[in-house]
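Undergrad: This is what each chain is made of:
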Amino acid sequence: MLRYTGTRFLQGLIALFFIVTVVFFLARMSGDATALLAPPDATPEQLDAVRVELGLDRPILVQYWDYLQGLVTGDLGRSTSYRVPVSDLVVPGMQATAKLALVAFLFALVLGVAAGALAAFRSNTPTDYGVRLMAVLGQSIPSFWLGMILVAVFSVSLGWFPAFGDATATSIVLPAISLAAFALASIARLTRSTVLEMLSKDQTLFERSKGVAPATLVVHVLRNSSLPVVTLAGIQLGALFSGTIVIENLFAWPGVGQLAIQAINAKDFALIQGIVIVNTLVFIALLFIVDVLYGLLDPRVRRPAASRGKKKRPTTTVQPIDVMETV
Amino acid sequence: MSTMTPTRRAPRRRGLKRSRHSRKPWFSMAAMGLFAFCGIFGALIAPHDPTQNDLAHSLAPPFWAEGGSTTYLLGTDQLGRDILSRLLSGAQVSFLVAVGAVLIAGAIGLGVALLAGYTGGRLDAFLTRVADSAMAFPVLLLAVIVVALYGKSITIVIVVLVLAVWPQYARVLRSEVIRIRNEDYVVMSKVMGGNARWAIVRHIVPNVVPTLLVLATLQIGFAIIAEGSLSFLGIGVPAPAASWGNMLADGRNFMQTAWWVPVFPGIALSITVLSANLLGDWLRQTLDPATRR
Amino acid sequence: MLDVKNLHTEYYQGGRVAHAARGVSIHVPQGQAVALVGESGSGKSTVAQSVMRMIRPPVGNLREGIVSVNGIDVRLCTDRQMRQVLRNEIGFIPQDPTTALDPLYTIRSQIKEVLPEEDKRNADQVITELLESLGIVNAADRLGDYPHEFSGGMKQRVAIAIALAKRPSVLIADEPTTALDVTTQVGILRLLDRLRRERNLATLFITHNIRVARLLCQHVVVMYGGIVVESGPIEQVMAAPSHPYTRALLDASVLGDRPRQKLRAIPGNPPSLFAMPQGCPFSPRCANATDQCHEGLPSEVATEQGTRYTCWNPVAS
Ligand SMILES: Nc1ncnc2c1ncn2[C@@H]1O[C@H](COP(=O)(O)OP(=O)(O)OP(=O)(O)O)[C@@H](O)[C@H]1O
Ligand code: SF4
Ligand SMILES: [Mg+2]
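Chains as they are written, first to last, in our numbering: chain A, 2 to 328; chain B, 4 to 296; chain C, 144 to 460.
For the record, the hints were derived by calculation from the structure and aren't laboratory data. Just so it is clear, CB atoms sit at the ideal spot from N, CA and C, and this is done for glycine as well. Accuracy of the hints is not assured; some may be wrong.
[Stated by the list, open to error] Here are some of the chain A residues that sit facing chain B, going by a computed Cβ distance under 10 Å:
#, residue
1, Phe19
2, Thr22
3, Leu62
4, Met135
5, Val137
6, Leu138
7, Ser141
8, Ile142
9, Ser144
10, Val152
11, Leu159
12, Leu228
13, Gln274
[Said to hold, decoys possible] Pairs of lysine to any residue, SDA-like flavour, derived with a Cα cap of 20 Å:
#, chain 1, residue 1, chain 2, residue 2
14, C, Lys148, C, Pro376
15, B, Lys27, C, Pro376
16, A, Lys100, A, Lys202
17, B, Lys27, A, Arg133
18, A, Lys268, B, Leu99
19, C, Lys148, C, Asp245
20, A, Lys202, C, Ser276
21, C, Lys263, C, Thr241
22, A, Lys202, C, Gln156
23, B, Lys27, A, Lys100
24, A, Lys202, C, Ala322
25, C, Lys255, A, Leu218
26, B, Lys27, C, Gly158
27, A, Lys202, C, Thr249
28, A, Lys202, C, Ser183
29, A, Lys268, B, Leu145
30, A, Lys202, C, Asp245
31, C, Lys255, A, Tyr65
32, A, Lys268, B, Val149
33, A, Lys202, C, Thr241
34, C, Lys263, C, Thr321
35, A, Lys202, A, Ser124
36, A, Lys100, B, Pro141
37, A, Lys202, C, Thr321
38, A, Lys202, C, Leu247
39, A, Lys202, C, Thr242
40, C, Lys255, C, Ser312
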């Protein structure tokens with residue numbers, strides 16, 4: 002298990018390093034970096050000053066090395082539009098984003114698994130048809146359009162929840178639901194098909210031949226079905242973290258998503274770079290957690306059988322699940 | 004396959020065909036047909052210039068509502084632009100982006116799949132790894148980087164979507180390629196002296212077409228939503244060009260006062276995506292390729 | 144004791160009804176082993192699963208007949224009673240232990256699930272003894288292991304332990320050795336034979352290979368197309384088969400072959416449930432077939448040797 006986790010951790014670090022590098026060099030290659038990193042209205046003299054101040058006149062590899070050193074110490078550079086360190090903006094922003102994404106995720110996971118499992122156990126009944134219908138709709142309606150409808154109904158007409166901001170405890174309800182809908186639908190669909198498949202397996206037949214209580218049977222089926230669902234849930238959580246960009250802008254939620262769009266409009270590349278890196282970090286951490294969880298759930302991963310002949314390493318992060326459920 | 008399985012979803016048995024084929028999705032087919040038609044000929048049938056402001060007639064309601072006129076069948080937005088014409092123009096954008104992205108990504112994915120699946124070994128492991136990582140990377144984050152670096156345009160939207168979508172093709176098609184490669188007839192044609200390229204073209208490509216088709220259909224829904232999201236955020240199709248996403252963004256403050264501004268693009272978007280998804284699901288069940296296993 | 148009389152089992156598929164067992168009768172006395180043999184698709188597993196009442200709507204139904212396990216008719220049981228029967232009376236050994244054991248649970252917990260209450264208190268000891276009696280060495284150290292850490296033959300022994308831990312009186316084994324390699328097969332067969340004697344088990348042993356059946360069983364029931372075509376003491380049936388299909392099975396089978404391969408001696412395929420021939424299901428492939436055979440099924444005929452067959456033109460032997 003330790004070795005497995007260690008490998009995963011290392012892979013995560015490599016991926017992070019890779020993305021940081023790509024973003025850095027893309028930024029340097031796409032024209033004059035000074036223009037990207039200086040305020041858009043800077044005069045030529047100011048540009049020169051910025052160039053010297055940021056060390057952009059030095060060889061690119063030296064700059065890159067400095068940049069990496071900064072990252073390790075948590076220095077993400079200075080925002081040109083806010084004129085403060087990027088980390089001062091990104092850290093509180095990420096907190097708000099994480100709050101929204103996690104609430105939406107829990108909602109999607111709990112309800113998605115419950116609905117999907119229910120539909121599978123009652124397959125071809127009205128419950129099943131209902132869940133399937135909702136799932137298809139949930140995968141088809143764009144989050145921002147759903148959000149607008151929810152605001153019109155539950156905020157403006159009924160006045161139950163606030164339409165924007167993060168001022169009160171109930172502020173999170175509408176953005177979280179809008180954000181969760183797609184993930185919920187995907188999780189419900191995958192859970193349903195996985196449980197259905199599980200129910201038809203020899204394993205379940207054998208378990209039933211034991212004459213165990215229905216509850217025991219359900220636990221076995223659900224535990225076995227959880228493996229692909231965990232993989233999908235991890236990917237969906239990552240998608241939720243970046244999906245907040247849309248929802249935050251619709252609901253004026255004070256997270257990094259709103260920050261990102263402001264940064265693009267203000268051409269504040271340092272800030273964008275910081276947001277992308279922090280988001281990637283979160284994303285890779287999530288994948289790592291999923292991998293570890295997978296190991297905890299599946300003894301075949303945790304304790305691979307004494308290798309006879311060729312060694313089998315876990316090769317892919319994404320476990321074999323129905324890929325179409327992951328979009 | 005098991006021998007001891009009376010089940011809810013029975014495994015396929017000799018002589019008994021799977022009975023899960025659903026009825027033909029006429030609604031989705033019709034909706035997708037309409038979408039394609041508007042996507043191709045939208046500009047020809049649009050009654051007005053979709054970007055033409057007409058402040059004198061701003062926020063005119065649809066023709067059946069009080070104060071509406073048949074000049075602007077579905078009403079106008081706050082700048083007096085004709086909603087119907089903008090919808091048609093938006094359909095063209097969605098169509099172009101979705102079909103463009105899906106085709107290019109499909110070609111790239113197929114190429115990678117053939118290369119990886121047919122060559123095997125280290126190259127295969129490497130390409131699979133790259134595809135896996137790329138697939139896990141969130142689209143919107145990708146879009147933020149690309150747009151920040153290269154600005155916004157339809158081309159950029161397509162590029163972002165291609166980057167996001169190709170790994171899925173590569174992954175699914177790769178396993179298909181490997182399966183088909185190992186089947187006897189390809190082995191046979193090798194023995195008989197056909198070279199690798201011939202074997203690929205002759206046997207593999209036609210065999211992955213159903214899978215390709217299913218994936219593409221399902222991706223269209225995804226691409227349309229993604230384009231809508233980017234345009235909604237103002238980092239997709241730049242104004243004043245009409246896209247369903249930026250129409251929704253323009254209309255987001257009019258849900259109560261001038262519902263037709265946001266509702267029509269919202270419905271167009273949802274129905275198109277829904278139809279694409281339903282059609283894809285149906286194709287997946289009917290053609291029964293690798294995507295459902 | 145297991146007593147099946149005139150069992151009719153059907154599957155529902157795509158709005159159609161597939162009649163997979165048509166009037167099957169099998170009697171398995173305590174302490175004896177009965178082989179159920181036949182080609183793939185003849186309905187062997189269907190019978191086994193009917194006994195465990197695994198075929199329920201919407202999948203299918205036991206439409207008619209009596210399936211009595213120690214005097215309890217499973218067709219009349221409530222779900223709760225049926226679980227009781229499965230818990231106390233029937234041990235089931237699957238075909239492929241690799242797909243049947245739950246990969247996420249330890250051996251201990253999978254066996255413990257079926258232990259009777261009185262055994263649960265010193266579960267580890269009971270399980271260890273059971274596993275060791277089944278030929279697993281160092282069983283005590285392996286209780287916390289997972290199925291994937293065992294070899295195929297060992298996994299099958301674990302599955303047998305699960306079947307036996309309930310202390311059943313009836314044992315149903317559905318091709319328990321076909322997923323194993325030949326040497327392991329023989330070991331498992333010997334084990335099953337010993338267990339039957341020691342525990343006085345009524346054993347229903349399903350196999351496609353009549354010669355394998357002889358290593359273990361006293362009686363044989365030959366099925367084809369959902370009906371019993373011949374039955375009786377195994378020595379007699381093998382020495383003097385009456386039904387052309389039994390004859391062909393004997394000609395075709397070799398010890399240690401793979402399941403579901405086509406019978407070499409018989410051209411053609413077993414019939415589909417939706418295209419069942421009018422009269423004798425074997426008629427399209429039978430060398431002895433006459434007009435009569437295409438019209439109706441003969442009734443069962445008893446021979447002097449104690450065997451019974453269902454055929455108009457039995458083979459002379
Ligand atoms: N769940 C099911 N739904 C519909 N038909 C089924 C189902 N299970 C089995 N059948 C059909 O019932 C018939 C008998 O199948 P069964 O599994 O009992 O055969 P078998 O003798 O055990 O064959 P094998 O040697 O392959 O295990 C076959 O024609 C099969 O197609
Ligand atoms: S009844 Fe007729 S067809 Fe059937 S086995 Fe006997 S001879 Fe052959
Ligand atoms: Mg069987």
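Undergrad: Hint by hint, note whether the structure agrees.
TA: Status of the hints after comparison with the structure:
no., hint, verdict
1, Phe19, "holds, 8 Å"
2, Thr22, "violated, 13 Å"
3, Leu62, "violated, 20 Å"
4, Met135, "violated, 12 Å"
5, Val137, "holds, 6 Å"
6, Leu138, "holds, 7 Å"
7, Ser141, "holds, 4 Å"
8, Ile142, "holds, 5 Å"
9, Ser144, "holds, 7 Å"
10, Val152, "holds, 7 Å"
11, Leu159, "violated, 13 Å"
12, Leu228, "violated, 15 Å"
13, Gln274, "holds, 8 Å"
14, Lys148/C - Pro376/C, "holds, 18 Å"
15, Lys27/B - Pro376/C, "violated, 56 Å"
16, Lys100/A - Lys202/A, "violated, 39 Å"
17, Lys27/B - Arg133/A, "holds, 17 Å"
18, Lys268/A - Leu99/B, "violated, 28 Å"
19, Lys148/C - Asp245/C, "violated, 34 Å"
20, Lys202/A - Ser276/C, "violated, 29 Å"
21, Lys263/C - Thr241/C, "violated, 26 Å"
22, Lys202/A - Gln156/C, "holds, 18 Å"
23, Lys27/B - Lys100/A, "violated, 43 Å"
24, Lys202/A - Ala322/C, "holds, 16 Å"
25, Lys255/C - Leu218/A, "holds, 14 Å"
26, Lys27/B - Gly158/C, "holds, 18 Å"
27, Lys202/A - Thr249/C, "holds, 19 Å"
28, Lys202/A - Ser183/C, "holds, 19 Å"
29, Lys268/A - Leu145/B, "holds, 16 Å"
30, Lys202/A - Asp245/C, "holds, 11 Å"
31, Lys255/C - Tyr65/A, "violated, 60 Å"
32, Lys268/A - Val149/B, "holds, 13 Å"
33, Lys202/A - Thr241/C, "holds, 12 Å"
34, Lys263/C - Thr321/C, "violated, 32 Å"
35, Lys202/A - Ser124/A, "holds, 16 Å"
36, Lys100/A - Pro141/B, "holds, 18 Å"
37, Lys202/A - Thr321/C, "holds, 18 Å"
38, Lys202/A - Leu247/C, "holds, 15 Å"
39, Lys202/A - Thr242/C, "holds, 8 Å"
40, Lys255/C - Ser312/C, "holds, 19 Å"
In this structure, the earlier hints numbered 2, 3, 4, 11, 12, 15, 16, 18, 19, 20, 21, 23, 31 and 34 are contradicted, and the remaining ones agree with it.
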